[in-house]
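*Asks:* Taken in sequence, the protein lines are chains A and B. So the first sequence is residues 155 to 270, counted in my numbering. So the second sequence is residues 85 to 194, counted in my numbering.
Just so you know, these hints were derived from the structure itself, not from any lab. For clarity, every value in this text was computed on a predicted model and none was experimentally measured. Even for Gly, the Cβ is constructed at its ideal location relative to N, Cα and C. Hints may be right or wrong, so weigh each one.
Unchecked claim - Label pairs and their computed distance ranges (CB to CB): (1) A:Leu222 to B:Ile123: 26 to 32 Å; (2) A:Thr268 to B:Thr92: 24 to 30 Å; (3) A:Thr234 to B:Leu135: 34 to 40 Å; (4) A:Glu213 to B:Ile158: 47 to 53 Å; (5) A:Thr236 to B:Leu164: 39 to 45 Å; (6) A:His239 to B:Glu150: 26 to 32 Å.
Claimed, not checked - Taking lysine to any residue pairs in the SDA-like style, the calculated list, with each CA pair at most 25 Å apart, reads: (7) A:Lys218 to A:Glu206; (8) A:Lys195 to B:Lys87; (9) B:Lys181 to A:Leu230; (10) A:Lys195 to B:Lys136; (11) A:Lys218 to B:Pro194; (12) B:Lys181 to A:Val269.
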Amino acid sequence: GAVVSQHPSRVICKSGTSVKIECRSLDFQATTMFWYRQFPKQSLMLMATSNEGSKATYEQGVEKDKFLINHASLTLSTLTVTSAHPEDSSFYICSARRPGQGNGYTFGSGTRLTVV
Amino acid sequence: DAKTTQPTSMDCAEGRAANLPCNHSTISGNEYVYWYRQIHSQGPQYIIHGLKNNETNEMASLIITEDRKSSTLILPHATLRDTAVYYCIGEKAAGNKLTFGGGTRVLVKP
């Protein structure tokens with residue numbers, strides 16, 4: 155149980171275009187989801203916290219107008235990379251807290267974004 | 085969340101036990117110790133967690149010292165598929181975000 159599905163797994167887009175990444179909790183409701191970015195050989199860096207029905211909370215240094223987050227339902231959060239540039243190429247991962255006390259987080263399988 | 089310190093990398097032999105240490109000397113009383121691993125190009129995978137007592141599940145065992153300042157993740161019989169980066173994280177049960185450190189890059193060798 156507690157599965158998070160992330161789509162697409164891989165995307166290539168042209169510089170200047172926008173890309174949307176979806177994160178779904180399949181068998182549980184998630185009022186809060188999290189978006190991470192990971193560059194090669196580095197650890198995961200938290201970008202923002204996605205809150206159902208309200209604005210996302212962004213970490214310091216993350217441009218909210220560039221990385222648009224929408225959490226319109228209890229099972230879906232989306233991250234849109236707007237006007238993508240090659241430096242936005244990265245591995246994007248979402249996560250949600252598993253139901254139950256002290257049960258940790260479950261993660262999506264990640265999205266490899268390449269901007270050309 | 086508590087700051088954790090892990091070795092950057094370690095090798096272990098296939099079929100042998102792998103013992104992964106983690107220091108979390110600033111952990112507070114209500115913080116759990118969580119272990120996740122990330123296999124190349126995949127999302128992190130939950131392994132195990134504990135508060136005070138040692139824990140065991142189908143994947144691993146977690147040994148937490150009595151003072152809770154350090155812990156050891158034990159993979160009882162490492163396989164080549166256990167090659168991954170392992171993250172030790174201190175997390176409050178009611179915490180609302182997870183912060184990753186550098187983790188330990190584990191290479192299981194035949």
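*Asks:* Which numbered hints are broken by the structure, listed smallest first?
*Replies:* 4, 6, 10, 11, 12
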